[in-house]
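What follows is the residue order along each chain.
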Amino acid sequence: MAIFADKKTRLVVQGITGRDGSFHTTQMIEYGTQVVAGVTPGKGGQTFAGLKGQTVPIFNAMDEAVSKTGANASVIFVPPAFASSAIMEAADSGVSLVVAITEGVPVQDMARAHAFARDRLVRVLGPNCPGLLSVDQAKIGILPGQIVTKGPIGVVSRSGTLTYEAVHQLTSQGLGQTTCVGIGGDPLIGTSFIDCLEAFESDGETEAVVMIGEIGGTDEQQAAAYAREHMNKPVVGFIAGQTAPPGRRMGHAGAIISGAEGTAAEKIKALEANGIRVAERPVDIVRLVQEVLG
Amino acid sequence: MDLHEYQAKERFRAAGIPVPPGEVATTPAEAEKLAAKYGGAVVVKAQVHSGGRGKAGGVKLAKSAAEAKQHAEKILGMDIKGLRVEKVLVTPAEDIATEAYVGVLIDRAKQAPTFIVSAAGGIDIETVARETPDKVRRLTVDPRYGLLPHQAYWLANFLYDEADLIKQATTIIAQLYDAFRESGASMAEINPLITTPDGQVKAIDAKMSIDDNELFRRAAVAAMRDTSSEPTAETRAREAGLSFVKLDGDVGCCVNGAGLAMATMDLVKYYGGNPANFLDIGGSSNPDKVVAALEIITSDPNVKAILFNIFGGITRCDDVANGIVTATRRIDIETPIVIRLTGTNEKKALEILKEAGFSAFTSMDEVVEEAVRLAGVAAGRVA
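Quick mapping for you: the protein sequence lines, in order, are chains R and D.
Residue numbering for the first sequence follows my numbering, beginning at 1 and increasing consecutively.
Residue numbering for the second sequence follows my numbering, beginning at 1001 and increasing consecutively.
With the rest of the complex left out, here is chain D (with noise of 0.2 Å):
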């Protein structure tokens, strides 16, 4: 789950990072009154989960209230790589001597925490390290004793020269370095860190991804989940238990098991189709998980065809295809649903299944095929 900026920097505060005020605006009168608090000039920044939101026109310096009302008008509404903007931080402008990069995430090959921290901040931190490698210093963490004071320490001294700053700099380090533990994140980032002309160091924009599997245990970093940035069919998908991302295609799909979900996506592709999303229904036969599944898969307007596969392993075909035969009754559903089972019990499962009217399969590239066919056939694309 990212995080917004106003949220990730409440989380910084909360550590003692030194983080400028801020507020949310969300309509551009509140925007206004903001600037107003603070006085002089302040930046407003669009609030959406996507990179580069200043180079799309989402992050601009406004020097009164007015002007800060006019950005707020335009970027409000904004559509930001498919993101449409909700909300924007108003947030005092700095005086920016120096800016730098400091980040911490999960290292896959390294199996820990890793800071990567650079003098050059405030771009694009893949393509410092790729060009000018020297430019950056990595250090990873032993998660069992956590930051050591000497590791902050030789951070902060590679991001500067003076003495204040280093020191300034190695306790902040060490405050997000709490802040990613507290909040259960997978990614946290200032970018930029920067120095003031009087040489004070300040965190002016954050960033920051929690694990999802830490949300159980983090009440307060779980309640800052924004469902209006995400699709409807998502929001529901999580609460309904299952693994779903909306895709752009007409063939809905409904697998048990997060590979063989993907699999069965790009099989829809290479018979010439496009997926309309990834949904794994997990082991169970619970017919009101099929429910939920099919509901959600039909509540997007593109799909032309409904596709199954599932593969019965420890849960018994069977006892699935029961499940489906039981959900597709209690909901209306005009789409064609194509089946794929095989496994254990497959025979029974196709009887049970045939026996209610369904076309059912054992290949998964027949059912590919046939579901792809039926797409094409349903948007007029084929006879």
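Here chain R stands alone, though its shape is the one from the complex (with noise of 0.2 Å):
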């Protein structure tokens, strides 16, 4: 089991044809993703090489790839003034999981993307995240396939590195994942932790959640309270940016403390209040889940 992406996820990539595109789309087919289609517009007939010899058939735009390719899944490659429209492009054409890793797309491009996506209930992860990554099943987005193994926690982040650097050492531990989220560092993104939380909650193979948090607005307190109401898995949290200054956006366009709302201390009080045990340090995080599991 897994959450949001599994062996059977049948993924368009769209700007496959672009540097970060190719190269990520390589990456995915050797993870043992299924790309089924790849989408340029004027590239229509074209193929990606896959594997052994196989392709990828290259389509002009999104319902052809969909109808043609039974794709249900799509990630984003697009640079940032064509990203929203390509999230609304895969949010109309049938796919039920978006997952945008373009950053810098502007937020009020995304404040229509993603009223228009909510609208035909399709899941949008991001933009400016990782992606996510079903452990032996499927990447869709950038994670490193070979930080990973497979185990009985789930890991969701606003951070990209800092995720990796988590999961690293859980794997260093013995300590293997389920599906590794990143929900992106931008002030608006499609998928919360609370969807996070209440997925690996469900999820038969999850036993505890690891969940990555940073400065800048209040989803970390809501999911804290959320864990308490509906969830019986451990939560281990960690929030980054402790030492930041009010006012400054730290590098993720959603990382900035407006006024006194947002601030690491305030998060890590949140969620102390609702049981959630805080790591101090990233390394100290193993300690913690290791506890949980008892």
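Keep in mind that the hints were calculated from the coordinates and are not lab data.
All residues carry an ideal CB built from backbone N, CA and C; glycine is no exception.
Hints are supplied without guarantee of correctness; some may be wrong.
Pairs of lysine to any residue, SDA-like flavour, derived with a Cα cap of 25 Å [said to hold, decoys possible]: (1) D/LYS1135 x D/LEU1165; (2) D/LYS1348 x R/THR149; (3) D/LYS1081 x R/ARG248; (4) D/LYS1055 x D/LYS1110; (5) D/LYS1110 x R/THR149.
Which residues of chain R face chain D? A partial, calculated answer using Cβ under 7 Å [stated by the list, open to error]: (6) ALA49; (7) VAL107; (8) ARG112; (9) TYR164.
Over 12 Å on every C-beta distance to chain D, these chain R residues come out as not near it, computed from the model [as the list claims (entries may be wrong)]: (10) GLY42; (11) GLN54; (12) ALA113; (13) ASP119; (14) GLY151; (15) ALA199; (16) ASP203; (17) GLY204; (18) GLU207; (19) ASP219; (20) HIS230; (21) ASN232; (22) THR243; (23) GLU272.
Two chains, two frames, some hints: make the complex.
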């Protein structure tokens, strides 16, 4: 079992012929993901070279790609100016999951795209996220496949490399994962911590969840309250940005303390108040997971 | 990117919002000239990216041109929350009957633009909302339809009782939404929106923050960036494509990924040090970026040790190690450097770094402790 994507996921890559799109398509195929189509306007009819002489067909548009290949998920590697349009095209085409990797999408564009996708009951992950990886089943996005190993831990995070750090440490201590999800560092993201906690709670193989948050917004606080009310599985937390000054954007568009809201201290307090143990350092995540698993 | 008041007012005027005239002066003589041109009483207002300008003495009423000059002398060069005032806005003083607040921002929870209005304007809206929530009206806009006419009317009707004021405010609120949309803003605010004794509604202060992700397609707004109001190192970092924030400590940090960069800063603090900066070098192993990062970090005289923390996922550690070695050969650096690389090909990376004479680590805790210790030694805090 896993959440959001598995062996049966049939993936379209939007922007498959671009530099990042083509590089990561190869990585996703090598991991074992079923990449069934690519889309690049104007390059329909061409093919993308897969493993062992197999090829992936390229289409001009998402509707064609979905109707001809039965794809049910898409991943987006198109530039920021076109990303929200690509998300809406995907949400209109019949796929149920859209993973938007692109960083730098204007937030007003995303407000429209999220509203559009919500109306169609399509899950958007991101944008500005590393995607997700269901161990030994499917990798959608840019998470490095070699750092994961199969096991009972669900991982959800707003960050990229900090997630890799945590996953790498879990793996090196023999604590494998079910699915690792990077929900993205933007202020408006399609899939929240709560969505992931809910999915991990109902996933048969996940026994504990690691939730990695950062400054900005109130998603972690709401997720903590959700965990206490709706989850039986233990959650271990980590919050980055205790030394971040207020009012400054720390790399991620969404990582900013606005007024008195969104500080690391406030988030840590909310997590602990709801019974979630919070690691002081990244290295402590492993120890806390071992403790909650007993 | 934050706009100055005078810049936000330009955007508002372009959208049709009634804003009194005003011009910027950089010297007291210019301020005097502008005040003489407007005649009568004027307000001299510091133009800095900070709230609380009035409390800091950066906003003064002048009854004559000579007085405007005196105020400008005091305000120009003043320090407001660490920012030096380089410009003042000179604008005719208005007779004020009432003050209201009108703002629109991207609400993260609603994932849409949301208006906040209150008849209790001229003061901090967060305080009003917290202490007297019934004096505040919120309205979320469906971004696909935009602000609908009845919604603008609802907001205006919440602020005023008289039909004529409601009519004027309805138009202004719709124009504010247009300015917000067309500027690619994440926040736009009129505080206060005043009524005059003769029944006119006007915006006499303006605030706007632009979504950085919009700048590529809004040249006129992007040209409003005022680099004099930010540390030189931050300007250079932006030009080099690096995400950088200057801090007050002495451990320079160079990390790939924003989350890991924040966690690294926090760990520096955990081990008793203080980070000198936030810096996300991104996923590339390009020596040019490493050179730019090192130049920016070492331009801060406070920096006593430099710490690299790189997680090699898709980017291979050996590539990054080669990038660091090449970069450090191209520039002369006396500050001690410690490097932590982990992930793909980390063993090979460590060999490359050790051969080049660097202290290299695979543990994040060990490298941070070492960087904090080296900074302490250099600063004479520890032997």
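Please settle this one: R/ASP119 was flagged as non-interface, so is its CB more than 12 Å from every CB on chain D? violated (9 Å)
With d taken as the least Cβ-Cβ distance between R/GLY151 and chain D, does d exceed 12 Å? holds (19 Å)
Does the CB of R/TYR164 sit less than 7 Å away from some CB of chain D? holds (5 Å)
A cut-off of 12 Å on Cβ-Cβ distance, and R/ASP203 was said to be off the interface with chain D. Does that hold? Holds, since 24 Å exceeds 12 Å.
Test the statement that R/GLY42 is away from the interface with chain D: the closest C-beta pair must be farther apart than 12 Å. holds (22 Å)
Does D/LEU1165 lie within 25 Å of D/LYS1135 when you go C-alpha to C-alpha? Holds. D/LYS1135 to D/LEU1165 sits at ~18 Å (cutoff 25 Å).
R/GLN54 clear of chain D by more than 12 Å, beta carbon to beta carbon? holds (23 Å)
Nearest-CB test (12 Å) between chain D and R/THR243: violated (5 Å)
A cut-off of 12 Å on Cβ-Cβ distance, and R/HIS230 was said to be off the interface with chain D. Does that hold? At roughly 18 Å from the nearest Cβ of chain D, R/HIS230 sits farther out than 12 Å, so the non-interface label holds.
Taking 25 Å as the top limit, are the C-alpha atoms of D/LYS1110 and R/THR149 close enough? At roughly 36 Å apart (the allowed maximum being 25 Å), R/THR149 and D/LYS1110 break the hint.
Just to be careful, I want the Cα atoms of D/LYS1081 and R/ARG248 compared with a cutoff of 25 Å; is the pair within it? At roughly 14 Å apart (the allowed maximum being 25 Å), R/ARG248 and D/LYS1081 satisfy the hint.
Beyond 12 Å from every Cβ of chain D: is that where the Cβ of R/ALA113 lies? violated (9 Å)
Against the hints set out earlier in the document, violations occur for numbers 4, 5, 6, 12, 13, 19, 22.
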